Structures are given as structure tokens and as C-alpha cells.
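> The lines below spell out each chain.
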Amino acid sequence: DAGITQSPRYKITETGRQVTLMCHQTWSHSYMFWYRQDLGHGLRLIYYSAAADITDKGEVPDGYVVSRSKTENFPLTLESATRSQTSVYFCASSDGGNIQPQHFGDGTRLSIL
Amino acid sequence: QKEVEQDPGPLSVPEGAIVSLNCTYSNSAFQYFMWYRQYSRKGPELLMYTYSSGNKEDGRFTAQVDKSSKYISLFIRDSQPSDSATYLCAMSAYGNNRLAFGKGNQVVVIP
Chain A
1 DAGITQSPRY KITETGRQVT LMCHQTWSHS YMFWYRQDLG HGLRLIYYSA AADITDKGEV
61 PDGYVVSRSK TENFPLTLES ATRSQTSVYF CASSDGGNIQ PQHFGDGTRL SIL
Chain B
1 QKEVEQDPGP LSVPEGAIVS LNCTYSNSAF QYFMWYRQYS RKGPELLMYT YSSGNKEDGR
61 FTAQVDKSSK YISLFIRDSQ PSDSATYLCA MSAYGNNRLA FGKGNQVVVI P
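Protein sequences, first through last, are from chains A and B. Under this note's numbering, the first residue of the first sequence carries the number 1, and numbering increases by one thereafter. Under this note's numbering, the first residue of the second sequence carries the number 1, and numbering increases by one thereafter.
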């Protein structure tokens with residue numbers, strides 16, 4: 001099916017572990033984004049990518065790593081998870097940056113114990 | 001001052017009422033304005049997208065932008081229980097590929 005798919009939908013892990021959240025889109029959109037959503041903070045941008053092999057930091061990038069070797073995939077890695085990274089993570093994509101609106105996946109609910 | 005302010009609510013209305021939501025912003029460079037709807041445990045979905053000042057209507061939904069007051073609104077007419085969700089405003093400036101989001105406003109439509 002066309003769209004944007006995030007996996008896993010739910011993840012529980014322990015502090016210090018590495019965890020990777022996957023994002024795949026079938027629209028061939030050039031831009032992709034990672035957000036975290038927390039009560040009281042709303043959606044905050046972690047990283048974004050304008051094209052394959054081009055990434056840039058957002059508002060809250062510390063503790064996260066991204067890569068984009070293919071246009072359709074944009075994985076987000078927490079290299080050493082901390083409790084403060086417990087959140088709901090959303091991936092989004094758009095065709096042409098801010099000129100076109102962003103379309104979101106259904107999120108990954110991540111709990112770090 | 002945050003770039004985008006949105007009263008988080010929650011807002012409870014009876015079925016059939018008009019729902020009125022709004023956001024204020026501080027960045028005069030914002031030109032693209034969006035409203036997203038987010039159901040529980042789902043991602044935000046685009047509801048309305050407008051450029052610059054004026055009104056845009058789509059079925060029961062009307063988006064209004066007043067750039068002189070730095071104020072945007074979303075109106076939902078004849079509200080239905082299926083409209084119960086969190087509504088987020090978002091906006092961006094030309095040449096900037098980031099969106100600035102409000103914190104979201106939870107709406108409950110009571111049958």
C-alpha cells in the first residue's frame with residue numbers, strides 16, 4: 001500500500017541499549033522528518049533530510065543518529081537509550097519541503113526502562 | 001515567547017455545535033498554514049492547508065488566516081462524535097522546510 005510506514009509500532013527497551021526506529025515511504029518524497037511527541041511539548045523536530053545522503057539537525061537532535069542511503073527509508077537510531085527518550089516518535093515526508101505539507105506515519109511508541 | 005501558541009483545551013461540545021479553534025504566532029514570515037487532526041494512537045493527518053490570509057472552506061471545515069493579527073482559526077460546523085480528536089495547527093515560512101507546530105487542542109464531541 002502507498003503511504004508512510006513506521007516499525008515497530010511499540011518497543012520496550014532498557015537504558016543504554018541501542019534501538020533503531022524504521023520509516024519507509026512509497027511516495028518518493030524528497031523530504032523526510034523525525035519528530036517526537038510528548039505531553040506538554042507537542043511535536044518537536046529531531047532530524048530531517050532533504051534528499052538521500054543529506055540530513056540536518058532539528059530542535060532536539062542530541063542522542064539521536066539518522067541516515068538516509070535510499071530516498072524511501074529514513075531510520076532513526078538511539079545509540080544509548082535514556083529514560084528521557086521515552087516518547088512517541090513520528091516520521092513524516094513531504095514533496096518539496098514546506099511548499100507541500102508533511103504527511104505522517106502512525107508512530108512508534110517507545111518506552112525505555 | 002513560543003513561535004506558535006495554541007490553547008491545549010480540552011474542549012467539550014455537544015453534537016451539532018460549532019467548534020472554534022485558534023492559534024497565534026509571532027513569526028511574521030509564516031506564509032503557509034495547516035491544520036492537522038490526530039486521533040488517539042494515530043499520526044497527524046492533514047485537514048486543511050492554506051496560503052497567506054483569507055478563508056478556505058472544505059465541507060464542514062473552514063480555515064481562516066489573519067496575518068495582520070498573526071492569528072489562524074479552524075471552524076467545524078455541525079460537529080460529529082467522529083470529530084473527537086486533537087487538532088494541531090502548523091505553519092512555515094517560504095524557503096524554510098520546517099514546520100512550527102502548536103501543542104494541539106483536544107476536542108470531544110458529546111453525542
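The set of hints was computed from the structure by calculation and includes no laboratory data. Model, not experiment: these values are computed from the prediction. Any given hint could turn out to be false.
[Said to hold, decoys possible] Computed list of lysine-lysine pairs in DSS-like fashion (alpha-carbon distance at most 30 Å, straight line): (1) Lys2(B) to Lys42(B); (2) Lys57(A) to Lys11(A); (3) Lys70(A) to Lys67(B); (4) Lys56(B) to Lys42(B); (5) Lys57(A) to Lys56(B); (6) Lys70(A) to Lys42(B); (7) Lys67(B) to Lys56(B); (8) Lys56(B) to Lys70(B); (9) Lys70(A) to Lys57(A); (10) Lys2(B) to Lys67(B); (11) Lys2(B) to Lys70(B); (12) Lys2(B) to Lys56(B); (13) Lys57(A) to Lys42(B); (14) Lys11(A) to Lys56(B); (15) Lys57(A) to Lys2(B); (16) Lys11(A) to Lys70(A).
[Said to hold, decoys possible] Quick look at which bits of chain B chain A covers, simulated, 3 or more residues with Cβ under 8 Å: (17) 13-22; (18) 62-74.
Here a beta-carbon is modelled for each residue, glycine too, at the ideal position from N, C-alpha and C.
> Report the numbers of all earlier hints that the structure fails to satisfy, in ascending order.
Checked against the structure, the hints that fail are numbers 3, 5, 14, 17, 18, while the rest are satisfied.
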